[in-house]
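Trainee: Listed below are the residues making up each chain.
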Amino acid sequence: MKNKSLIYKIILVLVLVVICFLMIYIGRGHTLYFDSKSMEVDGVTMNPPYRIQVNVKGKEVADLKDGDRGMAIWIGPKAHIELVVTKEKGVAKENIKYDVPLPREYDGVVINLVGLLNNANYDEYISEFVPLATITSESEEEVVIDDMGELGFGE
Amino acid sequence: MKFDLKKFLADRSVPIMFIIICSVCIPLSGFSTGYLLNEIVTRIVRNTFLILSLLIPIMAGMGLNFGMTLGAMAGEIALIFTSDWQIWGIPGVVLAMILSIPISILLGTLCGTLLNKSKGREMITSYIISFFINGIYQLVVLYMMGPIIPIIHEAIKLPRGYGIRNTVSLLNLRQSIDNLISINVFGVKIPVLSFVIIILLCLFIVWFTKTKLGQDMRAVGQNMEVARAAGINVERTRVLSIVMSTVLAGFGMILYLQNMGNIATYSSHSQIGMFCIAALLVGGASVDKASIGNVFLGVILFHLMFIVAPKAGTVITGDSMIGEYFRVFISYGVITLALVMYEAKKHKKKKMAEGSDDEK
Amino acid sequence: MKDKKFDIKNLINDFGVPRLIILGFLMLLFILAPFVGADLPTQFTNLFNRFSWNAVLVLAMVPMIHSGCGLNFGLPFGIIAGLLGGTIAIELGFAGPISFVMAILFATPFAIIFGYFYGILLNHIKGGEMMVATYVGFSAVSFMCMMWLLLPYHSPTMVWGYEGKGLRTTISLEGFYDKVLSKFLEIRIGNFSFPTGAILFFALLSFLMWCFLRTKTGTAMTAVGSNPVFAKASGVNIDKIRTLSVIMSTWLAAIGILIYEQGFGFIQLYMAPFNMALPAVSAILIGGASVNKASIANVIIGTLLFQGIVTMTPTVMNSMIHMDMSEVIRIIVSNGMILYALTRKTNEGRRA
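Protein chains in written order, with numbering that gives the first Met the number 0: chain W, 0 to 154; chain G, 0 to 359; chain X, 0 to 351.
Isolated chain W, as found in the complex (with noise of 0.2 Å):
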């Protein structure tokens, strides 16, 4: 009886354990950039197309033409993304959908959507998003800690 509780608990630690890890690996949330620009691969380069217009679940996150850039929050390992690329002024669109993979370690993901429609390697496309100044650094802030703080209301 005892052992069975035992066991039924460990189960329950296992469980709770396992669901913690999927958690993990299904919320990691990124900040994706999408730049449209030219990149050289092997003395190689490859332009940009006239227009991409980036989809994220079905909504139009950044519509970019050269040189621009666009942003969009994903959560999960992989990034599902539609593409609709306009290859000049006039012709007409293409969709094409991609599943880019996310590196856990990076917070901001930049992909370069030139490379991606090349087929390019993956390292050559995606790099981490490096923000230009660290965060200027507000005046330290004050840390309210009475017993009993403000009577606000948390609101």
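Derived from the structure by calculation, the hints contain no laboratory data.
One or more of the hints may lead you astray.
[What the hints assert, rightly or not] The following label-pair restraints were derived from C-beta to C-beta distances:
(1) 265(X) - 214(G): 55 to 61 Å
(2) 179(G) - 30(X): 58 to 64 Å
(3) 105(W) - 31(G): 42 to 48 Å
(4) 5(G) - 232(X): 36 to 42 Å
Please read all numbers here as calculations on a predicted model, not as lab measurements.
The beta carbon of each residue, even a glycine, is placed where N, CA and C say it ideally should be.
Model the placement of chains G and X on the given structure of chain W, informed by the hints.
Mentor: Same frame as chain W, but now just chains G and X:
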């Protein structure tokens, strides 16, 4: 049995008083019905889970668990981690809940053990425990997070390099549960999933009262000595009730904060116990008796008063602060009233018992 | 008795481990202070000043503990009486040292009336005093928050300038009773100063309390607290004695806050009284009192230890590790001490 109107009203004096206050203040405040309904729904979603966590210790006769703040702190620590690891959306909420469990169990066991050492004055003790643990919480969050407990992102640290900022943003977690399945009824946004979670907890509590452990708690609540004679491990049952309450409070706090969208690191939890308890009492609960109905009635009436009082106060006195102070006064007043009524009843009972012993 | 072995473990238990830790901590601070460059005379000046501000508030705990009403978490109730006294004295135009005397005179009737009703309330809820006291205090403070805005105060030094009504959150006492006691017979040696007047005043009140506890009523009060059954059997009116103790406690709290104000230099209204009960409660506990036993010595030792920690930790900690952890340490120490006292078994029979 004859229906005793006087007793019926006397038992419900607090809710009735609140209905009167609200019915005076609502027209004065001039808020539209749509606005009020939306606000009320938001607040039900935000607070009900937390208030429900108070029910189990009441059942076990341990009074109002001012120590629910401990659970709130556990929830906050868990959320700080998920926020730092950038686990977003519903997975983030689930992860935070699981992470909060061990912390809640630890704090709950500590609280329960201390309360066992102070039988008869559980409430004041749990009240002081919440302050004491708040000190420990600040020690951990303000000084240990960074140098000892690894925090990855500079953005949530204070500029000095250790300790967590005053507010931690939960932007990508914000209302992820509330918005998953939400419907719009006559301009009122109803977050279905949040309601489902609250109802599931209600069902759990109803089911729990019927289990062996639930019955034991009830027995302990009614009379510790009788329960002990019946072979119930009183101390263990009491600790369990506090642990359960703490864990649920942790979950409740996580749901509360995902609705708010940010953590006020050093103040979110400090008032939460107080106003959850006030809301429960407004719903007609007493220190030794509370039901799920009390929770819902309380959350509606209390928060209705909270929304309309400042505006009504401004209209009546021309000073916006009067209404603010009024609602604070009412919250404390309600708790005071409930405590006085409970203690007076207990004292009277004891006196009568003593009186019969003395054959007076 | 004599054959009982000298047992160090018992001795420690009697004194209490937390108290030992606090004492050790404070001694460590004093030892470290010179090494980190803290100026000891200044430290002692601070300590004695803060002692003189707070001691009477701590003394206010004594009567209620003696009569078995437990720790007076309802201290803010008495503080409000003091605040009313102070503000009325200023409102009526008294200035200088006389305003302090008048403040005490005005505060007294309020304190007696408040204490009387508070005492009657506590008689109805024997056994649950501490929790109710806490919330009675809170309710009173939040009620007075409204009153400070609404009561017809007009003195331009106290009301909001542009509106002409409603009291300010902090009122400067300059020109009124700012430091009247502290400056009285003050001793100054270099950096060191000693607030003789304030300490003498505290000594006077303590002496009166000491005398009172030795009168017939005083011993009856102790009896009510330590053995209510016996007290009842010997014909003591328990309720009356308890009410008296509550009135005394409330009055001392009122006087205590006035003394605090004269030292601090400001009257703090609105939410300020909220946080005043816990430090006073923990101070007397640190001094060796328990939930049902307290002496004047406990008050003096406790206030010195508590204020010692409050004044010493910021300086020493800051210069040592460049981290100001004093606030957190204060919270943990004071609440930990109260928690320790609450979870200790009280003398059997007391709650029967």
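Trainee: Each hint needs a verdict: does it hold in this structure or not?
Mentor: Hints, verified against the model:
no. : hint                        : in the structure
1   : 265(X) - 214(G): 55 to 61 Å : holds (57 Å)
2   : 179(G) - 30(X): 58 to 64 Å  : holds (60 Å)
3   : 105(W) - 31(G): 42 to 48 Å  : holds (47 Å)
4   : 5(G) - 232(X): 36 to 42 Å   : holds (39 Å)
Against the hints set out earlier in the document, no violation occurs for any number.
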